[in-house]
Amino acid sequence: MGLFKLFMKSIIFSTRSRRRFFPFVIIFCILSCATIILLYNFDNFSREGLLVHRGVVVEISTLGTVDYGEAKTAIGTNIPGAEAVIYYRYVDFGNNLRICSINTKYKWAFSEIKPNDLVSGSFPGNDREALVSDKVLLTLSDEEGAPAVRIFTKPVVGAKFKIGISNETTFELKISGIFKRPDPPSNIASGREWILIPEDSFETLIGGQNLGYGDTQINIHSISIIASGDVFSGASYSNVDRIAASLDDLGAEYRSPIYTSKTDKDAQRNMMFLSLLFGIFGTFMVSTLYSYLITRFRRREVAVLKAMGYSGWDVRIVVLCEILVVAITGFIIGLVTIQGYLWLIRQSTYFYQFINFSYNLPFLTPSLTAVMSFLAVVLSCIPGFFLITIRILSVRPIEIFRQK
Amino acid sequence: MSNRVLIEAKNLMKEYIRGKREVVMAVNDVDIQIPKGKMVLVTGPSGSGKSTLLNILSGLDKPTEGKVLYEDENIAEWDEEKLAKFRRGNVGFIFQNWELIPIMTALENIESPLYPLKIKSKEIRTRAISLLKQVGLWDKADNYPDELSGGEQQRIGIARALVGKPRIIFADEPTGNLDVDNAASIMRLLKSFTKRDTSVLTVTHNEELKKYADLTHRMSSGRFV
Ligand SMILES: Nc1ncnc2c1ncn2[C@@H]1O[C@H](COP(=O)(O)OP(=O)(O)OP(=O)(O)O)[C@@H](O)[C@H]1O
Ligand SMILES: [Mg+2]
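Quick note, the sequences are listed as chains A and B, same order. Under my numbering, the residue at position 15 of the first sequence is numbered 184, and the numbers go up by one with no gaps. Under my numbering, the residue at position 169 of the second sequence is numbered 1093, and the numbers go up by one with no gaps.
Derived from the structure by calculation, the hints contain no laboratory data. As the structure is a prediction and not an experimental result, all values here were calculated from the model. Please note that the accuracy of each hint is not assured.
Claimed, not checked - For each label pair, taking beta carbons as the anchor points, the in silico distance ranges come out as:
no.: 1; chain 1: A; residue 1: R571; chain 2: B; residue 2: I1053; range: 27 to 37 Å
no.: 2; chain 1: A; residue 1: P552; chain 2: B; residue 2: K1115; range: 46 to 56 Å
no.: 3; chain 1: A; residue 1: R571; chain 2: B; residue 2: K934; range: 24 to 34 Å
no.: 4; chain 1: B; residue 1: D1121; chain 2: A; residue 2: W482; range: 45 to 55 Å
no.: 5; chain 1: A; residue 1: W482; chain 2: B; residue 2: K1115; range: 32 to 42 Å
no.: 6; chain 1: B; residue 1: R942; chain 2: A; residue 2: F442; range: 51 to 61 Å
no.: 7; chain 1: A; residue 1: F442; chain 2: B; residue 2: I1053; range: 57 to 67 Å
no.: 8; chain 1: A; residue 1: R565; chain 2: B; residue 2: S1116; range: 24 to 34 Å
no.: 9; chain 1: B; residue 1: K960; chain 2: A; residue 2: R565; range: 46 to 56 Å
Stated by the list, open to error - Examples of chain A residues lying across from chain B (beta carbon under 7 Å, computed):
no.: 10; residue: G171
no.: 11; residue: K174
no.: 12; residue: L175
no.: 13; residue: R185
no.: 14; residue: M441
no.: 15; residue: A476
no.: 16; residue: M477
no.: 17; residue: G478
no.: 18; residue: S480
no.: 19; residue: F555
no.: 20; residue: S563
no.: 21; residue: I569
no.: 22; residue: F570
Backbone N, C-alpha and C fix where the C-beta goes; we use that ideal spot for every residue, glycine too.
Take these sequences, add in the hints, and give me the full structure.
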């Protein structure tokens, strides 16, 4: 109880040393903004950019369609430097639906839909889950027994629906996530709404027992070949170049492989590393500097508190509270500022016209990025905490009697 | 030891090494007794070792030799944490420069020694307010130290020293930065608390203050004379 009381009081007192408090809140605020944006980019990179760094995408040209069997023969089974070959197969069902297979392990490997396109929910984690586009209209399956009544509804995460050609052979799927369909729709999607399901479910659903599509009716949307080796050491880069070279001559049905060359990626990766280092190092430097300043400015105060009988832990709480309060206040203001700025940009039609990517801008509301940046800010204070602890413990109360 | 004696020190020695070789005997073979509920005054010129003696008796510093008996316990042998705990319940300090904490109001400064203790906030507030009234600064409760005069700050300092209900208050030059009138009223205030069995040890270079003391020692070059 005593420590909690001390903690609460210390938080209040921390905000009163105005001359330190406001400048440092602003500095922490700026650094938090930088960290949030950097981590957003980093996160974005791992969700969106990874395909560029690790994969080669082969799309089908508009000249015709390629079925699964043909694609397998053309690509071959043994590609040097490849870790995985993912075929994005689809069938067109009825007039508006396209059912497509996705790989659950490499969520970022589909060239058309990335984790960032999710509006809600998540990618299918297991069998019998589906990712659907936001404009899909579904007949929900909970009107069992009254198949004549069809309710068309917008998709909701967690809802179950059935696909089938007769009432006996329906295949039930649960919506795990909803994505925003690329707008304008890609030429391949040709205006259909998409349902994406894991490869295993796809095979069961399409096969003879259920929808009964034959092998030649299953078309290929694109093929992603994932290079082995990791991105951060750059080992995957030469493999990407090798794979791309080996896929050079696939025939007229295929477009030429989409990939970024090693030199471009090296530059990108180095930039990202540099900026991340800068952000984390910056916060670390400032929090350490701040800790140092606190221990200087509050040294006499600490000596007095110790003379009054505060234990080592008591004074530590008093002083650590200040840096925590400053860092957290700065972070919150930074987060709100970024949100406000993004909101303004979205509201402004003027901006909207010129920045037509604006709907892709980070809107971080409850996102993992915000949580991660918060942790980064708090963690970067830890060296400061140690500095404070060491310097505080070395303060001896008799210092008060040496006159200023 | 008589049960009217709170602190008894025997053969206290404190050596400092200054420069390379020179040994300074800041306190040299001092015996002192502080009775309960009395004001003891130690006077002496600058550099005579008054502050050093006060630090040792209050457990802030350790003697090179000798014992500091606090009801038969030798606090000179205790470690920092044990001493901190001991000071919480038994000792209050008053300093020459008042040393109020600038980010706390007058009332909060008085409360501050109690924050780490298991005492309810309400009880702390009640005690602080009562002391604030006793030192006559009830109307300054919400002022920050830099909004108070020196005399007022020292009254807050006294209230802060008393809030933990200590058995002894150590005061190092409590009137050093005050004019004559303020000094007199501070000393009278301190004296008034000795009537409630709180002992006070005051060290000062100001011989004028002798008239407030029950017992007086004069110090010179680390010795009582
Ligand atoms: N940490 C130290 N290192 C070396 N010498 C010290 C130290 N502290 C005190 N001294 C010396 O010990 C002697 C006594 O110092 P002390 O501060 O006790 O004197 P004082 O009587 O309180 O003087 P003043 O009235 O000026 O406060 C002085 O000669 C001083 O220089
Ligand atoms: Mg002194």
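So, going through the hints one by one against the coordinates:
1. Between R571/A and I1053/B the Cβ separation comes to about 34 Å, which falls inside the hinted range of 27 to 37 Å.
2. Checked against the hint of 46 to 56 Å, the pair P552/A and K1115/B passes, with Cβ atoms roughly 51 Å apart.
3. Between R571/A and K934/B the C-beta distance comes to about 27 Å, which sits within the given range of 24 to 34 Å.
4. Between D1121/B and W482/A the beta carbon distance is about 32 Å. The supplied range of 45 to 55 Å is therefore violated.
5. One distance hint, 32 to 42 Å for the beta-carbon pair W482/A and K1115/B, holds here, with the actual separation near 37 Å.
6. Between R942/B and F442/A the CB atoms are about 54 Å apart, so this pair conforms to the stated range of 51 to 61 Å.
7. For the pair F442/A and I1053/B, the beta carbons lie near 59 Å from each other, so the given range of 57 to 67 Å is met.
8. In this structure the hint that R565/A and S1116/B lie 24 to 34 Å apart at CB holds, the actual value being about 32 Å.
9. Checked against the hint of 46 to 56 Å, the C-beta distance between K960/B and R565/A comes to roughly 29 Å, which is inconsistent with it.
10. Contact between G171/A and chain B, as hinted, is supported at the beta carbon level, the nearest pair being about 5 Å apart and thus within 7 Å.
11. A hinted interface residue such as K174/A counts as satisfied when its beta carbon comes closer than 7 Å to some beta carbon of chain B; here the least separation is about 6 Å, so the hint holds.
12. Interface hint status for L175/A: upheld, as the beta-carbon distance to the closest one in chain B is roughly 5 Å, under 7 Å.
13. For R185/A, the interface hint holds, since its Cβ comes within 7 Å of a Cβ in chain B; the closest pair sits about 4 Å apart.
14. Residue-level restraint check for M441/A is violated (minimum Cβ-Cβ distance to chain B is 42 Å; threshold 7 Å).
15. With its C-beta approaching chain B no nearer than about 5 Å, A476/A sits inside the 7 Å limit, and its interface hint holds.
16. Evaluation of the M477/A hint against chain B yields a held restraint, the C-beta minimum of about 4 Å falling below 7 Å.
17. The interface hint given for G478/A holds, since its Cβ lies 3 Å from the closest Cβ of chain B, which is under the 7 Å cut-off.
18. At its closest, the beta carbon of S480/A sits 5 Å from a beta carbon of chain B; the interface hint therefore holds under the 7 Å criterion.
19. Because the closest C-beta pair between F555/A and chain B is about 20 Å apart, greater than 7 Å, the hint is violated.
20. A distance limit of 7 Å between C-beta atoms decides the matter here; for S563/A the minimum to chain B is near 11 Å, and the interface restraint is violated.
21. A distance limit of 7 Å between C-beta atoms decides the matter here; for I569/A the minimum to chain B is near 6 Å, and the interface restraint holds.
22. Proximity of F570/A to chain B holds as hinted, the smallest CB-CB distance being about 5 Å (cut-off 7 Å).
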